[in-house]
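From first to last, the protein sequence lines are chains A and B.
So the first sequence is numbered by the working numbering: it starts at 71 and just counts up by one.
So the second sequence is numbered by the working numbering: it starts at 6 and just counts up by one.
Think of the hints as simulated: they come from the structure by calculation, not from any bench.
Please read these numbers as outputs of a predicted model, since none were measured by experiment.
Where a beta carbon is used, it is the ideal one built from N, C-alpha and C, also for glycine.
Each hint should be verified, as a subset may be incorrect.
If the Cβ cut is set under 8 Å, some of the chain B residues that face chain A in the computed set are [said to hold, decoys possible]:
no., residue
1, Lys143
2, Ala180
3, Trp188
Residue-level listing of the chains:
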Amino acid sequence: MFHLMPYRDLPADFEDRYRSAYIDPPWFEIADPDKVGQYYNATLDELLYAAKAGFHGLCTNQHHQNVYGFMANPSLLGSVLARGTNGANIAIIQLGSTLPSTTPPTRIAEEYAILDCISGGRLIAGFPTGLPTDATISNGVVPVEQRERYREALALVKKAWSAKEIFAWNGKHYQLGMVNLWPRPIQQPHPPIWIPGSGISSTAEYVVSNDHCFCHLSYHGAKNATYTADRFWELVAKKGRDDNPHRYSFLQLIGVADSDAEAEELYAPHAEYFFRKLLHTPSYYQQIPGCLEYDALVQALTYNPRGGFNLRDMRARDFYDNGFVIVGSPKTVREQLKEWMKRLRVGHLLALLQFGSMPTQLCKRNVDLFAREVLPHLEPVWDEYEDRWWPERLRAARPAAAMAAAS
Amino acid sequence: MAAPRSRRIRLWQDRIETEVEISGDGPPLVYLHGPWGLPPDRAFIARLAEACTVYAPRHPGTTPGDENAVHALSGWLDLLVYYGELLDRLELAAPFALVGHSFGGLVAAELAAATPGSVRKLALIDPVGLWRDDIPVKNWMILRDDERRPSLFADPQGAAAQAFFATPTDAKERAAVLASSVWAQACTGKFVWPVPDRGLKNRIHRIAAPTLLVWGDSDRIIAPAYAEEFAKRVNGARVKLIAKAGHLPHLEQSEAVAKAALDFIAG
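Next up, chain B with everything else stripped away, as it sits in the complex (with noise of 0.2 Å):
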């Protein structure tokens, strides 16, 4: 497969430096990393990069030495009419396929209910976003040392949970390494610390577009049941459990995901 072509993007009054990573042939596709950042997900990305054009920012604060632009978004409202000022200086062939994982799948959901015209296909991975008491969401944050294995991964031992968490022996390396994944969780999390309900409850129901829900079906941070919480507020979506398969399905399962997500995109 081609390394990804890497831009750099200035916005938000220049105080934000984005890079987003563009990979592939075909109808544009924007993926949205999740609370670990964008490394973790380059195989999938790549997959997806077979049948689309995908861009892939890195939020906000996670693009390597612009780190404090986490600081200068005040909250949701900032993030969200940031990633419209990103899309449009994209200048996608719009309407195009919108990807988001977890906390990148909560951004993804916000920004097709803000401007429902935009989005063609949405496709949902484990998202955040909604909440019940009886089935609270783990904070991802805050994991014991010995639960954030089967935290994430149906399978703690298996080969993606080994690659999620390798670290390189360098310790110079084994330090960036670890800071990119920290510092990722930071500036996702300061936008859904403590609890991550920003009230997309209250505009989900403007998303317009063709939405399909993948789900890890022994997800240990949302549950499976938060799948049709999704479902049942978004008109005709569809659900796609992924079996063996934790809160990272497109790392434990990547071949399923991407088909689900690539026929769906393609349908």
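So here's chain A without its partners, still in its complex pose (with noise of 0.2 Å):
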């Protein structure tokens, strides 16, 4: 299960009102700080629930200066996860720690290593870049610098979890004298390595090149990411690695209640909430300069996106209907993502169960549905591949819990 830590109650007439999620809302004016506290202990309780509710996975991220969603420090919430899944067989995704941003990287490195060391080897190593505004304005990148200081830092944090000697580290944009880290991760010499991207660009080709697993993170649903996903496959192919699928996570956001017409009556607020109040960001903070490279930029310019939507516009019936949520009955739902997994090869389904201003309850209920109805249905989707990009300890069909750090 994925969770954004979204502010759940924005004013009615936030996007009219302000002109960004992302920067710009004014703290004093808009929020509530013991909301805010509420909101982390309830995404830590939703995420803790489906666990228990027999979830594989629970996925956290980093965002800065928003209502969007702002665990500025996933590891702090994944900490908790781990501690809180402990004997269970639960993989911690931090999804995750943006590496530009972080100065230096090795704390990271050390951070995951923590989580991995408290979870008894159930950590997966998520690695994005990060949002041009995250790494950027929040954090001061130099836009033009993002990407390389990505790939520096993801090799000084490879280097660093695995190596036997102590080392000296002198790159361009990080110089460290003695590297020996303490803790290193219980898998060696790396816990899985899953990097997220909102399509193909020099990213993915990095994924691929180093065998990593790609997660598509798309807010449009399976039903607008076939192109997306179908150049992936292309350039898997290209790079001479196998289809597994699993070297395929896709996000999508799902609503499932008794009936097609309550699901989509419960979840419309929450879904219009999500893409017009949370995803309400100009194009000016999308498109600092510098954050595409090049040629990537050539062709954004000379191609426009594909079936552009305006979000503002933008009704749930037209959410639903375009593919951005599915919502239904348990079977429709299933039926659907079952489907979509098989057209997308997608290893991975990064479930978005909370979305917008919808509440813990609703949350709760979505969570027990979707794990007692669909989750079993998807299971076997893929059973014949080996996930490769799942902890060890966690890989056989039911494998016993992690005990390591439980006992």
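Got two chains here, each in a separate frame; can you build the complex from them with the hints?
Written out as structure tokens, the structure is:
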């Protein structure tokens, strides 16, 4: 289960009154710190609830200075989740800390190693490059250096996790005289590495070249993901990698209820809140000069995005009809998900079951129904493939609980 | 006017190719463009070339075909030493006049401080490089659609603004023009992100050349009050405010700025 930890009680006219969900919302005008405390606790509760209900992994992520999701340091939440799921077969999926924003990046190597140790080897190490605003505005990273910093940082982290000898790192962006990390991850030479992206770019090339797992984080749903998924699998073939579906993860907003009609009604306000308020981000924050490398920039300017959607003009019905959110009875949802998982070759489905203003009670009901009546039907979809991007101790079909740290 | 002569020079251990547009006749003048690249400044450069031989290099990474050159420079010191190499290679009849706009004005000021003997006259047009907390410099790389024109131009609907934001109707040409402008901001912004203060205040006292500050009186990127901040740190510097001009006075009041600069250089 994936969680963004959004602000759930924005004013009704938020998107009209404020320019952006990112950077601009004034804290003292909008936010109630007690409520925010409740959101963090609710987020942890909902994720731990999903763990008990039978989910396979819990996802956190890092964003800054916004109302859309503000786990500014996902390791803080990940440590609670790791501790709270000890003894269970749950992967702790940090999706994750943004390397270019953290100096030195060995800090993230340490935090992830701690999480792997606390959880008894259940960590999945996610490494997003970070949204442009997160990296360049919130953390002052030079836009045109974001990607090269990322690559150098990831190389440093991987070396720091497994090097047998103390080493010096003399990089372009980072210099450290003596690296000898304590602790190291249980999983050696490194935990499974998942790398998010929103399309096929130099990042996807990097992921396939290094045989990591690509996490396609789109909010437009599986129905609008065929182009990217197809390009991804072409890339996989071109690079001579196998077609194991587990190298591809996909995020989907999902709402389950007893009937289609009930689901459509129940999730409507939260879908609209998510797309109209939380994704209210103007182009000047998404297109900061330098965040796209030159070739990608020319391509983006030459080919307009396919099927561009104007979220502000859309209502719940549009989000459902266009596949942004899959809602319905368990039967409807599982049939659609099964079909799309096969069509796109999704090995890991990142289920976003709390979105927008959704309160905890509804989220837990969503989790319950999904775990009980949808998940069991999806588990066997790619049974014949070994999941090499999953913590080894959790890989058996029904593994004994990873007890190392819990006992 | 005659089209500029183009010279491509390989520098920096062969890792950077720089196109220099050379035009006019007379004493040498080096012109350093601002964050939007060289193309928008060509008409202004042509006006300067009526009295000088103008050398207008493209900032590293903005020479067509060598976009990745921006990665060959690691920081501020690299950039300044690179410019030293470029100026050496131009083999100008030293000392020369140095004119820079915005980001290019900051680079010009740094060069004049680093090698005071090489610059005969220094003219800075709305340069960035100093910082005051009470009037922060606006980040020109993340301007809202509705504030872009009024931030850059005194008259957002004037001819200069129209020309600056005009794009070709042909899709491919349009993409090329936009990419050139965005990438120029990326390549220059690399050296001044997120706050355009690289410590010039510690070095600015080294400027020895007679200095002119030209400033649009409606500059809403870096307020005209900064003209005095520069002037009080440079011995004998003069300030010329340009009426009805924003951050790009050399485009909006081209003749007034060119005349001020050329009179100063000739004087």
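Numbers of unmet hints, in rising order: Number 1 - this is the single hint that the structure violates.
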